[in-house]
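Participant: The residues making up each chain are set out below.
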Amino acid sequence: MAWYNKTQKSNDIVLSSRVRLARNLEGYPFGGRLSGEQATEIIDKVGGLLEASGFEKIDFFAISPTEAGALYEKHYVSREFVGKKTPHALMLNETCGLAVMLCEEDHVRIQCLMSGLALEEAYKNAVAVDDRLDGELAIAYSDTLGYLTHCPTNLGTAMRASVMMFLPALTMAGRIPALMNRLSKIGLTIRGFYGEGTEAGGSLYQISNQITLGITEEQTLQKLSDAVKQITESENELRALITPEKNPKIIDRICRAEGILRHAYLLSSDEFLTYYSDVRLGIALGVLESITYKDLDSLLFEVMPCGLALSEGKADLDERERDRARARRVKETL
Amino acid sequence: MICEKCKKRDATVFYEQTVNGKSRSYSLCGECAKEMKQNGELILNTDWDGGFFGASPFGALSDNFFSGFFGLPETVRTSKKLCPLCHASFEDFRTSGKAGCPSCYETFAAELEATLRSIHGNTRHIGKAPAKHKKKQGGKSQLESLREQLAQAIKQEDFENAARLRDEIRELEAGA
Ligand SMILES: [Zn+2]
Ligand SMILES: [Zn+2]
Numbered sequence: 058m059a060w061y062n063k064t065q066k067s068n069d070i071v072l073s074s075r076v077r078l079a080r081n082l083e084g085y086p087f088g089g090r091l092s093g094e095q096a097t098e099i100i101d102k103v104g105g106l107l108e109a110s111g112f113e114k115i116d117f118f119a120i121s122p123t124e125a126g127a128l129y130e131k132h133y134v135s136r137e138f139v140g141k142k143t144p145h146a147l148m149l150n151e152t153c154g155l156a157v158m159l160c161e162e163d164h165v166r167i168q169c170l171m172s173g174l175a176l177e178e179a180y181k182n183a184v185a186v187d188d189r190l191d192g193e194l195a196i197a198y199s200d201t202l203g204y205l206t207h208c209p210t211n212l213g214t215a216m217r218a219s220v221m222m223f224l225p226a227l228t229m230a231g232r233i234p235a236l237m238n239r240l241s242k243i244g245l246t247i248r249g250f251y252g253e254g255t256e257a258g259g260s261l262y263q264i265s266n267q268i269t270l271g272i273t274e275e276q277t278l279q280k281l282s283d284a285v286k287q288i289t290e291s292e293n294e295l296r297a298l299i300t301p302e303k304n305p306k307i308i309d310r311i312c313r314a315e316g317i318l319r320h321a322y323l324l325s326s327d328e329f330l331t332y333y334s335d336v337r338l339g340i341a342l343g344v345l346e347s348i349t350y351k352d353l354d355s356l357l358f359e360v361m362p363c364g365l366a367l368s369e370g371k372a373d374l375d376e377r378e379r380d381r382a383r384a385r386r387v388k389e390t391l
Numbered sequence: 094m095i096c097e098k099c100k101k102r103d104a105t106v107f108y109e110q111t112v113n114g115k116s117r118s119y120s121l122c123g124e125c126a127k128e129m130k131q132n133g134e135l136i137l138n139t140d141w142d143g144g145f146f147g148a149s150p151f152g153a154l155s156d157n158f159f160s161g162f163f164g165l166p167e168t169v170r171t172s173k174k175l176c177p178l179c180h181a182s183f184e185d186f187r188t189s190g191k192a193g194c195p196s197c198y199e200t201f202a203a204e205l206e207a208t209l210r211s212i213h214g215n216t217r218h219i220g221k222a223p224a225k226h227k228k229k230q231g232g233k234s235q236l237e238s239l240r241e242q243l244a245q246a247i248k249q250e251d252f253e254n255a256a257r258l259r260d261e262i263r264e265l266e267a268g269a
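Going down the list, the protein sequences come from chains A and B.
Each residue of the first sequence is one higher than the last, beginning at 58 in my numbering.
Each residue of the second sequence is one higher than the last, beginning at 94 in my numbering.
Only chain B is shown next, with the shape it has when bound in the complex (with noise of 0.2 angstroms):
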């Protein structure tokens, strides 16, 4: 899909915004996006914000540092972010509890990440990944992702579980 301002590149933000009670969608480059929010044209929610401006999804953009960052009107509260593969909303995800699509993991990942940690104590995979993602993964060894998730543990003073992770990684280095 093209981008419906410029026309040119290709469409990878998708966008529902409610002003007044009318709704309107918008299929985006990031680029435009960007310049229309600027221009005050498009006003973007903040968790959607913090994943659109480049930084990781999953780094340290908390919903604490942006509430209140914008002074968002109350008319347009309500717009939000669709994902640009099967078009649900995050709303769409929260209610059914259930993503629409593998691509609603990236479009939400901000917004999930709480969720996660309630559900597994954990945010990030360890685990088996197909052959051409090892490949890409390249350096980043299981020791590395442990060592990760250690100092993730040690920080919400999780000690059951650094405990463990701190073992593994010990036999692991005893391996190595």
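Next up, chain A with everything else stripped away, as it sits in the complex (with noise of 0.2 angstroms):
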């Protein structure tokens, strides 16, 4: 089952929760210096390491682009790692949401992700991971700057820990800029998870630690979770300000928006994510009672482009197909 179907209670504002620990192995370099060979050579040892461990073995020269997006698509991967002209794979654990990169920027990136906040389990699995790995590995280590990363930025605990958010109450009322903001000056950073920067497609955003040296993995996760839980009083708070009375506008968008996801022939992306977040605000709401999270957000992940191609069955679909399978789709889970 994929990570995203497991649900947690609290997906009403947090709806996922991912934490990567970039790793490298000693005695190979970086990147462009890297050879075809030794990353083979990385893959073998730390794909079979892995393997013996339970996780299934995903060749990225084995399989198609198609194939390829879709692990993107479901967060598995990143999208450099899809592009890759070097050898490299990845290694999939789904029952504990575990996916290992190999030979992507760094040698290892493992990663797990859970859905709503649980921020500390998705630390300890990929940490029995790491754990794993160093009984067998010699792992890039220098006790004055922690874990040895391609990029100096990830240098220390090399640990990003983030939750994505649903904060349209917030994006209304026109709070992010503040937020982000105030969340740079403790290290943290917010981004759109859709589109860059405040235009964040569907209302969804990132939040994560910038900095990894000179804090611990602890410090860190506390310091996310104080910011998340600060963030969803003040989305609830706002949230609790809309009400019928005085705002039927934004009630009357809910009912349209439901309205569309259901009953819409063709539906492009944009459109889904406009609506999505239009739909899942009416629930939180208590304006729409027969949608729920779970089928909502497992659309998120479904309906992109290689997605919907897989599920069609085609190595590719084109703009007018790939619009009438996606509103096929949602209209069936809705």
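Since the hints were derived computationally from the structure, they do not count as laboratory data.
You can take every hint at face value.
For the chain B half of the interface with chain A, some residues (derived, Cβ under 10 angstroms), not all of them: (1) Phe186; (2) Ser189; (3) Ala192; (4) Gly193; (5) Leu205; (6) Thr208; (7) Asn215; (8) Arg217; (9) Gly220; (10) Ala222; (11) Ala224; (12) Lys225; (13) Glu253.
In silico lysine-lysine, PhoX-like type, Cα no more than 20 angstroms apart, as pairs: (14) Lys181/A / Lys227/B; (15) Lys141/A / Lys191/B; (16) Lys142/A / Lys191/B.
All of these numbers come straight from a predicted model, not from anything done at the bench.
For each residue, glycine too, the CB sits at the ideal point set by N, CA and C.
Can you join these two chains into the complex? Each is in its own frame, and there are hints to help.
Facilitator: The following block contains the structure:
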């Protein structure tokens, strides 16, 4: 089962949590200096260990661009990873939400994805993989700089923890820039999940730690969960101010969005994101009672171009076919 | 790789020197490099020198200390140290913004310190370590490293960080 289908209780505002650990092997160069042979060696070494621990190996040279794209759409791999020209592989353990990219920018990128607010659990799962590798391989580490990574911005813990949050009320109130400012002062960043900066598609944002050196993993997770708690409170305060009496237009928008998602014949991905956001707010406000977060959120990962093509059993879809397939899929699910 | 001068010891220093437009690279052991430097055959640039003579790369050796220390002739100012593993120069690191391999961090430790401080506000790791490093670190506890950081923060008048560190130290001491 895909990670996003395992629902947690607190999916209202926090959709998902992710912890990433970058690890590198001693004696191998990074990035463009790593030869194809060396990359294959790393994939065999690390991949072999993980296969013995119940991971499935997906060699990216052996799958189609559409299949690779679908793994990106499900957040298992990065965009850069999909297009790499040198050998690279994904080690996947969907039961634990674990995806390990081999030979991305760093030799090993351990990632644990959980639905809802579950930073500690995600960290625990990622560390279990790290410890498994640490027992068998020489991990590049320095007593002063911590885990050594391709990019100096990841030195130290080499950990990126992030949460995906749904913040429609803060967005409507124009509070995101101020929030951005406040978070950057404490070493956290917020950015739109789809689109750039404050123009976040679907009112979805990713909040993550920026600093990795001179801070422990526990402090980082604590800082991030404190921020999530505060942001959740502000979002809820603002949502409580929205009532049918004072905001008939917002309620109208929600109801129309539901109508379009349920009945559209063609649906572009931008449209989907816009109406997704309105419908999701409708669920939160108790306006829409027949749609669940689980169904709505699973669509977020399943109506993107590559995923749609795969579920239609095709290598590729043109835009019209895609919008038709998306509309059909949304209608079936809701 | 063996030192090209004495052909006995392992080469630990890789070095590219440009004199009047002609480049030549050297693979030397520490002793031969030192000897060549004293004879004036090799003119080391100052940053490199700081790391080379055994002083802690993250210690008190700042750029200021060395600048102007040797009267370097203009013609050899382009001499550069290379990473022993991947042969990247600091220039490669600087332009790409990324390390060539894990060893680059040790090789260019002194050059990187200011950059790391501007990225992270810090230059020392205090988090998780691989099992074998935990043993090697031995006596050095989390508390000690926090105290070091506190001293550094105070020195730099970074009071926000200092206050945070002080709280953490208190918490740890209370727990111990
Ligand atoms: Zn020698
Ligand atoms: Zn290197």
